[in-house]
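Undergrad: These are the residues of each chain, in order.
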Amino acid sequence: MEKYETHTHDVIIIGAGGAGLRAAIESSAKGASTALICKSLLGKAHTVMAEGGVAAALANVDTKDNWETHFKDTMKGGKMLNNWQMALYHAQEAPERVRELEYWGALFDRTKEGGINQRAFGGHTWKRLAHVGDRTGLEMIRTLQEKGIHSGIDVYMECTITHLVKDGDRVVGAFGYWRESGKFVLFRANAIVLATGGVGKAYKYTSNSWEYTGDGHAMAYEAGAELIDMEFIQFHPTGMVWPPSVRGILVTEAVRGEGGILTNSEGERFMERYDPERMELSTRDVVARSIYTEVEQGRGSPHGGAFLDVSHRGADYVKRKLPSMYHQFMEFADIDITKGPMEVFPTTHYVMGGVKVEGDTCSSTVPGLFAAGEVAGGMHGANRLGGNSLSDLLVFGKRAGEGAAAYASGKSHASIPAELIEGYANELREPFNNTQGENPYTIHQDLQDVMQLYIGVFRTEENIQTGIDKIEALKERAKTLKIEGSVMFNPGWHLCRDLKSMLIVSEALARCALARKESRGAHSRVDFPESDDGTWGKLNFIVAPKDGAMGLETRPIVEMPDELSKLFTEDK
Amino acid sequence: MSVAKLRVFRGDAQGGEEKEYEVPVDEGMVVLDALFYIQANYDGDLAIRWNCKAAKCGSCSTEINGKPKLACKTRMDSFAEGETITVHPIKAFPVIKDLVTDVSWNYEVSKKIPPFTPAEDTEWVMYQEDVERGQEFRKCIECFMCQNVCHILRDHNRKDAFAGPRFMIKIAEREMHPLDVLDRREFAREEAGVGFCNITKCCTEVCPEDIHITDNGIIPLKERVVDKYYDPLSWLLRKVKGK
Numbered sequence: 002m003e004k005y006e007t008h009t010h011d012v013i014i015i016g017a018g019g020a021g022l023r024a025a026i027e028s029s030a031k032g033a034s035t036a037l038i039c040k041s042l043l044g045k046a047h048t049v050m051a052e053g054g055v056a057a058a059l060a061n062v063d064t065k066d067n068w069e070t071h072f073k074d075t076m077k078g079g080k081m082l083n084n085w086q087m088a089l090y091h092a093q094e095a096p097e098r099v100r101e102l103e104y105w106g107a108l109f110d111r112t113k114e115g116g117i118n119q120r121a122f123g124g125h126t127w128k129r130l131a132h133v134g135d136r137t138g139l140e141m142i143r144t145l146q147e148k149g150i151h152s153g154i155d156v157y158m159e160c161t162i163t164h165l166v167k168d169g170d171r172v173v174g175a176f177g178y179w180r181e182s183g184k185f186v187l188f189r190a191n192a193i194v195l196a197t198g199g200v201g202k203a204y205k206y207t208s209n210s211w212e213y214t215g216d217g218h219a220m221a222y223e224a225g226a227e228l229i230d231m232e233f234i235q236f237h238p239t240g241m242v243w244p245p246s247v248r249g250i251l252v253t254e255a256v257r258g259e260g261g262i263l264t265n266s267e268g269e270r271f272m273e274r275y276d277p278e279r280m281e282l283s284t285r286d287v288v289a290r291s292i293y294t295e296v297e298q299g300r301g302s303p304h305g306g307a308f309l310d311v312s313h314r315g316a317d318y319v320k321r322k323l324p325s326m327y328h329q330f331m332e333f334a335d336i337d338i339t340k341g342p343m344e345v346f347p348t349t350h351y352v353m354g355g356v357k358v359e360g361d362t363c364s365s366t367v368p369g370l371f372a373a374g375e376v377a378g379g380m381h382g383a384n385r386l387g388g389n390s391l392s393d394l395l396v397f398g399k400r401a402g403e404g405a406a407a408y409a410s411g412k413s414h415a416s417i418p419a420e421l422i423e424g425y426a427n428e429l430r431e432p433f434n435n436t437q438g439e440n441p442y443t444i445h446q447d448l449q450d451v452m453q454l455y456i457g458v459f460r461t462e463e464n465i466q467t468g469i470d471k472i473e474a475l476k477e478r479a480k481t482l483k484i485e486g487s488v489m490f491n492p493g494w495h496l497c498r499d500l501k502s503m504l505i506v507s508e509a510l511a512r513c514a515l516a517r518k519e520s521r522g523a524h525s526r527v528d529f530p531e532s533d534d535g536t537w538g539k540l541n542f543i544v545a546p547k548d549g550a551m552g553l554e555t556r557p558i559v560e561m562p563d564e565l566s567k568l569f570t571e572d573k
Numbered sequence: 050m051s052v053a054k055l056r057v058f059r060g061d062a063q064g065g066e067e068k069e070y071e072v073p074v075d076e077g078m079v080v081l082d083a084l085f086y087i088q089a090n091y092d093g094d095l096a097i098r099w100n101c102k103a104a105k106c107g108s109c110s111t112e113i114n115g116k117p118k119l120a121c122k123t124r125m126d127s128f129a130e131g132e133t134i135t136v137h138p139i140k141a142f143p144v145i146k147d148l149v150t151d152v153s154w155n156y157e158v159s160k161k162i163p164p165f166t167p168a169e170d171t172e173w174v175m176y177q178e179d180v181e182r183g184q185e186f187r188k189c190i191e192c193f194m195c196q197n198v199c200h201i202l203r204d205h206n207r208k209d210a211f212a213g214p215r216f217m218i219k220i221a222e223r224e225m226h227p228l229d230v231l232d233r234r235e236f237a238r239e240e241a242g243v244g245f246c247n248i249t250k251c252c253t254e255v256c257p258e259d260i261h262i263t264d265n266g267i268i269p270l271k272e273r274v275v276d277k278y279y280d281p282l283s284w285l286l287r288k289v290k291g292k
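If you read the sequences in order, they're chains A and B.
Quick note: the first sequence uses my numbering, first residue 2, plus one each step.
Quick note: the second sequence uses my numbering, first residue 50, plus one each step.
Be a bit skeptical, because a hint or two may be false.
[Stated by the list, open to error] Taking lysine-lysine and the DSSO-like style, the derived pairs with C-alpha atoms no more than 27 Å apart in a straight line are:
| no. | chain 1 | residue 1 | chain 2 | residue 2 |
| --- | --- | --- | --- | --- |
| 1 | A | Lys205 | B | Lys160 |
| 2 | A | Lys31 | B | Lys161 |
| 3 | B | Lys68 | A | Lys483 |
[What the hints assert, rightly or not] Here's a subset of chain A near chain B, in silico, CB distances under 7 Å, partners left out:
| no. | residue |
| --- | --- |
| 4 | Gly115 |
| 5 | Pro245 |
| 6 | Gly360 |
| 7 | Ile484 |
| 8 | Met489 |
Hints listed in this document are in silico derivations from the structure and should not be mistaken for laboratory results.
Note that beta-carbon positions come from the ideal geometry of N, C-alpha and C, so glycine has one too.
Bound conformation, chain A alone (with noise of 0.2 Å):
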């Protein structure tokens, strides 16, 4: 075969957002040799294009707040089917966490007497969220890269691991491609770390990056680890509605924790209806339900969508606090957001489901392949908080470094067999060599369509078997690819497996879909639209391969020991 080269570390690390940046940072501090491998150049991940704020009991601001309110917020938003160990662990941590990036370098907004001030967002009883105005995740992520280029670390830019390497039952590399020349290339690992972020590249309309197309989700299954809950993916309930070409993009949530307030078509706000308590600050599941239902029932804006208004706060408190909201909404829609009103409508943000991983280490069910961030599961159960994924991929980021670093130390390389190798370098050059198939770009668009349509924020049994079914045919499609041009930077070869993922990964959203029959965060089932608490709400769903298919089970949850149930009973 063609040659390839091969670099060899104890531990890799792909993915380069927050969570792999803090896991490359722990990694290498624990001495472990760590490479960073990003799909992109670095900083410019997901990560990026996180705005609100980082989730944390500070108690800067709120000084009643702590880690048992933190971590009960996080269970009750996720409804109870979360992970308790990592929410936890996320609320314990998370303060020094955010401190460390201080540590680091970071500027966030002040309070008066000079600590790190904190805003109020939706399902946190306290103000909690660490800021930089609207632009808290490029803050994080410059933060951590600073940190990780002066670590030690081997950064490896624009290179797409495509298949994990197995040596019996554990994970010894990875193989891929370099997007500038599209040769191929080798990691030889003793510890691999997935950090690869979400899927939001299957939908139509997503707040999501393209990097989002659920890589790591569906490597880690083809190499036969568990993924748990994929049913559950966020819909925000803020993302811009017109013009047609910046559909999904985000409006952050720190526009309703600044103040904003949602209204239907008879200048409603509506809210009152759906949440009389929380009003436009509840979770974000049942903000995005109710903008959906509003526009349904005939009560939308001019584009379909609600108005979201914050200019009662005066333009140069919106402008300070909101920069980024005002820029977007001026130079992509004409709209001056400190005069009137935005359109807003739910868009596709963040999938709670992922690979299955245990709190203390970030291990998955496959040895030597760990996860971390939003690729992981578990951490935020049926519905994530706001906040919550910038502060999980630091807690979990640390984590997850330092448990592969342990794992990997000790531990000699496997050799790789060659044939191995060559087999996937084929698959992976077959779109050029097929001389009839279809364009990798149409599929993609016909994907995005089908789970816009059928997996969307409301759900039935007839659409989501309807979705399966376009989904299968979809994958007999893609089958057979056919794409132009030459082996350098080319993004329709680099669609063709970014496509397999989204298939994967889709297809197991879809079947846990139709699976749980009940109403739970951000899965809402119209024929079953109540919550079933005695039943699935104690119930994970797994996926993994199965008899070459993809096989789903149910399994109970593991039950928080009685101190932590306490704090619950408690509270009625």
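Dock chain B against the given chain A, drawing on the hints supplied.
TA: Then chain B, alone, in the frame of chain A:
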């Protein structure tokens, strides 16, 4: 729906030429949408970097009708009806393929800048007015368009001597961090070549984040360097201490 004519550079390090495409234009569409249309309908291998399509990641810097722009932020309705739109790679960096250039030099420079260094016994208290100067520079999305228009890099290719505006504000940000204790003035002068900048402000004009690169970053940095090197008292001290 109207139809726009685009002339897009197709080629690699060995050379190339413009290729013409016709693209239907929808309301609010941006140049990046037009490039996507070309990929999906004409040339699937057209190379362009992009990530967020929301002007937050700084990946899709190109030269549109000769001007450095983010393709995701440049609206098709900003051109006159019937106007041909040319799209080229940014000029200051070597072409890899089509609209993708080799920007790796920027990452090498970035790594050389001494990192944030707090005192060992730092008390972590900072006030809003103290962090705001640094926050302005930290808005940078690393689109490298300032690097692209800086004539020291673009026309004179002095990448050996001048780190460029992006990294001037990075040094400035560290220097202005309220809790940083390191002195980077020698680095700014000797390694980063702050003296090369002659304040034409081209960088400030193209910054999509409206960072006042020259006024708030480079000029104060120059002043700090001048204070160190041309202050008669420091000069005398250096003479006496022999450094």
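Undergrad: Decide, hint by hint, whether the structure agrees.
TA: Going down the list of hints, with the structure as the test:
no.: 1; hint: A/Lys205 <-> B/Lys160; verdict: violated, 38 Å
no.: 2; hint: A/Lys31 <-> B/Lys161; verdict: holds, 24 Å
no.: 3; hint: B/Lys68 <-> A/Lys483; verdict: holds, 22 Å
no.: 4; hint: Gly115; verdict: holds, 4 Å
no.: 5; hint: Pro245; verdict: holds, 6 Å
no.: 6; hint: Gly360; verdict: violated, 29 Å
no.: 7; hint: Ile484; verdict: holds, 6 Å
no.: 8; hint: Met489; verdict: holds, 5 Å
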